[in-house]
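Colleague: In order, the protein sequences belong to chains C and S. Per our numbering, the very first residue in the first sequence carries number 669; after that it's consecutive. Per our numbering, the very first residue in the second sequence carries number 4; after that it's consecutive.
Just so you know, these hints were derived from the structure itself, not from any lab. Some hints could be false.
[Said to hold, decoys possible] To spell it out: a stretch of chain S is covered by chain C in this simulated footprint if at least three of its residues, at any positions, have a beta carbon under 8 Å from a beta carbon of chain C; those stretches are:
1) 29–38
2) 80–94
3) 107–121
4) 286–294
5) 298–306
[Unchecked claim] Covered stretches of chain C (in silico footprint by chain S; criterion: 3 or more residues with CB under 8 Å from a CB of chain S, positions within the stretch not fixed):
6) 696–703
7) 782–788
8) 807–817
9) 858–872
10) 888–898
11) 1022–1029
Quick reminder that beta carbons are idealized off the backbone N, C-alpha and C, glycines included.
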Amino acid sequence: MDVMPKWAEVILVPLISLLLAAILSALVILAIGEDPVAAVKLMVTGALGSSYGWGYTLYYATNFMFTGLAVAVAFHARLFNIGGEGQAALGGLGVALACLYIPWPHWSLALVGAAIAAGLFGAAWAAIPAWLQAKRGSHIVITTIMFNFIAASLLNYVLVNMLRPKGAMDPASARFPEAVQLPTLHDLLAPLGIEFSKAAPANISLLVAIAACVVIWVLIWRTRLGYEIRSYGHSESAARYAGMPPNRIIMVTMLISGALAGMMAINNVMGEAERLVMNAVEGAGFIGIAVALMGRSHPFGVFIAAILFGFLYQGGAELALWTTIPRDLIVVIQALVILFTGALDNMVRMPLERVFLALRSAPKPGRKEG
Amino acid sequence: MDIYLTLIQLLDSTVRLATPLLLACLAGLYSERAGIFDIGLEGKMLAAAFFSAAIAAMTGSVWIGLLAGIAASLVLSAIHGIASITFRGNQLISGVAINFLAAGMTVLIAQAWFRQGGRTPSLIGKARFEPITLPFAEAVQDVPFIGPLYYELISGHSILVYVAFAAVPLTWWVLFRTRFGLRLRAVGENPAAVDTAGVSVVGLRFAAVAICGVLCGIAGAYLSTALQAGFVKDMAAGRGFIALAALIFAKWRPWHALYATLLFGLFGALETRPDVIEAVSGIKVQGQLLAALPYLMTVIILAGFVGKAIPPRAGGEPYVKER
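Okay, chain C solo, but in the shape it has when bound (with noise of 0.2 Å):
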């Protein structure tokens, strides 16, 4: 059934999807009377033009490629995990209790244990849809819906009611300790001699987020838990004749998927705000949902999308403070990259496939017709 040569699939489609995201998205910056050149201009230097910018752009990806790999391994196992929102908030839980209640004697294994607990605290917000999803046939995408209210309820409860400091007006919890201050890229590279700005954020999470793509990536491809979610999501009727049990995929996927984006928090309540604000996700749950797509799902593409999506993103900043663009704009990217590489793929796909065939089948007429 393959229409298109591989190539196609796997660069052509998306890079049309985009170009056409693109293109609407300059239509809306002319419609609101702006000039998507100077714009875009503005965005490359503030995001990509100084280390500063970069060190911006390199913290959002992070957060996106944690959410978005989170998204990524859900969908082998076709199942939409639309709760990475409410999933790295409770990552934000775990990490601030890890960091607040353990005296950590030096910021790796502080960043071990909070990255653990992360990851235990964003699986187990993520367990209880899976569990309904494969005992009781709830539909994982409303339930995740669901508990992303249900986290910001609970979050906003915690931080109000238990972890805020005496006296304190904002909800928020107490700063957390020295010792557990993460090296941002600035310490990291000065050793190696390369000059990097102190002030932004970017941070160890970063390699460790990189770290988790190739995990990732070898799960998926290289164990028998990637192959048993693969097979999962292209039939569900095969692998459960293959022998495999569906209800232990659909868990084990979910786990790791809410493990992942809980483990988000690593890099933006531990590196960045060190301390656990209300609403610190900011979104960048459901921007691995747009992040996933972009990437097809693998890890080197989410990897590649989630850095473009923190380009986006500090860009969009810049933007908003140099023009009269707010930061808006970047949603409605967002919104538009998620629209036709998702929704709309079809539309692309298969007015291409049309023209795979033609070229195809004119030439050589005796090649066997998929």
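Since chain C is already given, all that's left is putting chain S on it; use the hints.
Modeller: Okay, now just chain S, sitting in the frame of chain C:
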């Protein structure tokens, strides 16, 4: 008498808060009964809220504003229809995209048009839906019990509230007593059968998605021109998702949608009156718990612990005609 008045006030704000939920819930009902999942209710409401407030502010007429809101909602419905019916894309992903599109575009356009940080100017006079005083409301105001009930609770709402409540029996009638309704429900359960009978699956589904757009448009217009006087950023505030929760809670039935949205409206009303709960039950209930209650209850219903919620069978599945 004092307790009675407090109760009436509480129910009054329940009705106000339930109205947008009810309209959005019925909107989702048409769409999902026809087999098109719609998690973009939130986005459609938001877009409608902005455009009705913006056009009402510009023209000074709330009715033109309402039409603009419905039109904006219909545009998003058309996108959803094209993505999920014509191109057989993933309906859930399309819904997510629509929510973000509305969230971003409303602020962007609001900033470009009004330069007030993503809001519209406050609406006054004819640019807003004013409360309607029903006949004899003032005359019976002083009659004990019935007076306050009629004057405070039943009278004194904007026209859209009455529209929303009238839409419940109308929806029931359309879905269960007309040929169109039968076909609409059939297309959500077994589209192949409808197709075999020579009725257009695509046409029916587009019709359902369009009705959904109109109702979401009214819901959004109610938010910005009746419940409040103007648009502010992200003013739908998750109501589209509560409506979705109510739809599951109601198990995709019109009358139950009314009860579910009234219940969730009551939670919303109680959230602003913690003193009432404390006086009645003697327990201090956390506001956060009340905010999370609709979602928690929906999860429990979905889990099938209290009666099973079974969605229309062909929901979420694009229909591919056999060749």
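Colleague: Hints first: check each against the structure and report whether it holds.
Modeller: Against the structure, the hints come out as follows:
With a threshold of 8 Å between beta carbons, the proposed coverage of the region 29–38 of chain S by chain C is violated, since 0 of its residues qualify and at least three are required. Under the rule that three or more residues need a Cβ within less than 8 Å of chain C, the assignment of the region 80–94 of chain S holds, with 9 such residues. Only residues whose C-beta sits within less than 8 Å of a C-beta in chain C count toward coverage, and the region 107–121 of chain S has 9 of them, enough to reach three; the restraint holds. Counting residues of the region 286–294 of chain S whose C-beta lies closer than 8 Å to any C-beta of chain C gives 4; at least three are required, and the coverage claim holds.
With 6 residues carrying a beta carbon less than 8 Å from a beta carbon of chain C, the region 298–306 of chain S meets the three-residue requirement, and the given coverage holds. For the region 696–703 of chain C, the stated coverage by chain S holds: 4 residues have a C-beta nearer than 8 Å to a C-beta of that chain, and at least 3 were required. Only residues whose beta carbon comes within less than 8 Å of a beta carbon in chain S count, and the region 782–788 of chain C has 0; fewer than three means the coverage is violated. Look at the region 807–817 of chain C against chain S: 8 of its residues bring a Cβ nearer than 8 Å to a Cβ of that chain, three or more, so the hint holds.
Against chain S, the region 858–872 of chain C contributes 0 residues with a C-beta closer than 8 Å to a partner C-beta. That does not satisfy the three-residue criterion, and the hint is violated. Counting residues of the region 888–898 of chain C whose CB falls under 8 Å from any CB of chain S gives 0; the rule of at least 3 is not met. Closer than 8 Å: that is the beta-carbon criterion, and the region 1022–1029 of chain C has 0 residues meeting it against chain S, so the requirement of 3 is violated.
In the structure shown, a violation is registered for the earlier hints numbered 1, 7, 9, 10, 11, in ascending order.
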